[in-house]
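Position chain B against the provided structure of chain A, taking the given hints into account.
Protein chains in written order, with the numbering used here: chain A, 71 to 258; chain B, 11 to 369.
If you're looking for bench data, these hints aren't it; they were derived computationally from the structure.
Please note that a few of the clues may not be correct.
[As the list claims (entries may be wrong)] In the DSS-like style, the derived pairs of lysine-lysine whose C-alpha atoms are separated by at most 25 Å in a straight line are:
#1 A:LYS78 to B:LYS249
#2 B:LYS77 to B:LYS62
#3 B:LYS313 to B:LYS286
#4 A:LYS186 to B:LYS242
#5 A:LYS242 to A:LYS209
#6 B:LYS109 to B:LYS62
#7 B:LYS277 to B:LYS198
#8 B:LYS249 to A:LYS186
#9 B:LYS61 to B:LYS77
#10 A:LYS78 to B:LYS313
#11 A:LYS242 to A:LYS210
#12 A:LYS209 to A:LYS186
Quick caveat, the model's predicted, so the values are computed rather than measured.
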Amino acid sequence: MMVCDNCKERQASVIFTQENEGVTTERHLCEKCAFQSQMFHLDPSQEPLSIQQFLSHWFGGVESMQPFQQTQEGIPDGPTCPDCGLTFKKFLDIGKFGCPTCYSTFKERLPRIFSKLHNGHTTHVGKIPVSFNELFAVKKKIEEIRAQMQQAIDAERFEDAALLRDEAKALKQRLAACQDGGGDNDVN
Amino acid sequence: MSIDKFMKGSVAGWMKSSGEHADIVMSTRIRLARNLRGHLFPIASNPEDAKKVDESVTNALLNSGEKGYEYMRMSEVPLLDRQILVEKHLVSPQLTDPKRNGAVILSADETISLMINEEDHIRIQCIYPGFQLENAYEHADSVDNELEDRLPYAFDEEFGYLTSCPSNTGTGLRASVMMHLPALTITKQIDRIIPAITRLGMVVRGSYGEGSEALGNIYQISNQTTLGKAEKEILADLKNVALRLIAHERRSREVLLSKSRVALENKLFRSLGIIKYARLLPTGEAARCLSDVRLGIDLDIIKDIDMSILNELMIFMQPGYLQHYAKTDLTAEERDIFRADLFRERLRVKHVEKEDTEE
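Here chain A stands alone, though its shape is the one from the complex (with noise of 0.2 Å):
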């Protein structure tokens, strides 16, 4: 077992090559140390083939590999994650989400990679949590009140309409509860 050179303590999995002034330096870090290290590339030798490295190749590491046509400075880091601080760049190399907010930071991105991993499948057709069915149908749910509501104030119903703003406004305090975190707290 290689141990990670950055913490000394966790199993390396991850190797990077660094290039500074011409010398190349070789780091074998773990994901964790990875995912924190700033400013490196993959070396594209690396055996056997990981996923930070199918990610690297296919999006990423076109660019490290050819370094007479283009710097390593050159390669945009892309977006970064508010959440846990990660650049697009970042995770094409350790080829791993640091957070769930990644996923819409690198939302456009998504699909060229999924198709890749997924035999060309880029969306969810799968099991859907009941809470978040629950979540969709409030949605859609004040969504329609709102049109309503909209109604009734082009017809100068205006008590109908204050109705339907009571109706919409517990609608939304449910929805804050769903998403806050499972079905529990009922506010109705």
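Same frame as chain A, now just chain B:
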């Protein structure tokens, strides 16, 4: 010295020889990867956050009303016990790293093991003996439903269950069957079959996980795709592939029997001789011989050995188990001696030892 008592306490439910096609499919495993909203994934997390995740998951499961769950924090489990949990396939080697803030919750019969703070916040794992994809999935799914009721899962309309590794995104489901394929291996057909299975979106591995060779002709077949396919479809595809492999393996066994019966019997009985009488038994040789003897029992060539004893020995021959039983650290050579001793004892050839000592 009797190992019966130790074996009784050490053999998980899935190791018992039962279930459909149990002669070829040794076990079925379902794994569901889940994460909680509002927390960084373990790769980016800090100890405080990891602890909060641990508490939420533990409270949710232990309050679910189902009794008999046992919680173990990895940092508090002795090293050897951690190794045994790995050898029983109840936790992953990664989880046992004490820096990971990992924990496991085991059901009393060890059918369900729930890993906390592995690569994902939650990994629900369900292992059944034999070929039982639907049953194992239904069990894992019911635990998932219990948790989902009490915990805010990280889920997205488009991408499904959000996981740390993009290869798990979507259903988060990894379904695997562990298969004993000696006839396909002896006839070298497996070399052509593995690439074909890979093209069908499945992965073939040795029995001890990623990158390991097929020790004892045991192969693990799993789905690779988790996005764009519903759970039922993933299970059905894997089932089809496994059924085809079972049919291939059975046909190859028949061919071997009809075309080279003596050579086959010779090979299998020699292996039986080795595990019954050897004084030094390295892991690789033990695994190869156990595979041969298992095939001999399946083909009714070897009649006086119980399959459940063989299953136990397959688990028991691993280093962690041996050392646990020896109650001390063993060098590689000491392990080979100890392994040979235990095999002889378990296969009840004590009279031979007596003869030996009288000489």
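Checked hints:
A threshold of 25 Å between alpha carbons decides the hint, and for A:LYS78 with B:LYS249 the separation of about 43 Å lies outside it, so the pair is violated. Between the alpha carbons of B:LYS77 and B:LYS62 the distance comes to roughly 23 Å, so the proposed pair stays at or under 25 Å and holds. The straight-line distance between the Cα atoms of B:LYS313 and B:LYS286 is roughly 14 Å, inside the 25 Å bound, and the hint therefore holds. For the hint linking A:LYS186 to B:LYS242, the alpha-carbon distance of about 22 Å falls within 25 Å, and the restraint holds.
Straight-line distance between C-alpha atoms of A:LYS242 and A:LYS209 comes to about 8 Å, which keeps the hinted pair within the 25 Å bound. Of the supplied pair hints, the one linking B:LYS109 and B:LYS62 holds, its CA atoms being roughly 16 Å apart against a limit of 25 Å. Our distance criterion of 25 Å between C-alpha atoms is met by B:LYS277 and B:LYS198, whose separation comes to about 16 Å. Taken as a hint, the B:LYS249 and A:LYS186 pair is honoured in the structure, with Cα atoms around 24 Å apart against an allowance of 25 Å.
At most 25 Å may separate the alpha-carbon atoms for a hinted pair to count; B:LYS61 and B:LYS77 meet this at roughly 23 Å. Of the pairs offered as hints, the one joining A:LYS78 and B:LYS313 is violated, with about 52 Å between alpha carbons and a cut-off of 25 Å exceeded. Proposed proximity of A:LYS242 and A:LYS210 is supported: the alpha carbons are some 11 Å apart, at most 25 Å. Of the supplied pair hints, the one linking A:LYS209 and A:LYS186 is violated, its CA atoms being roughly 33 Å apart against a limit of 25 Å.
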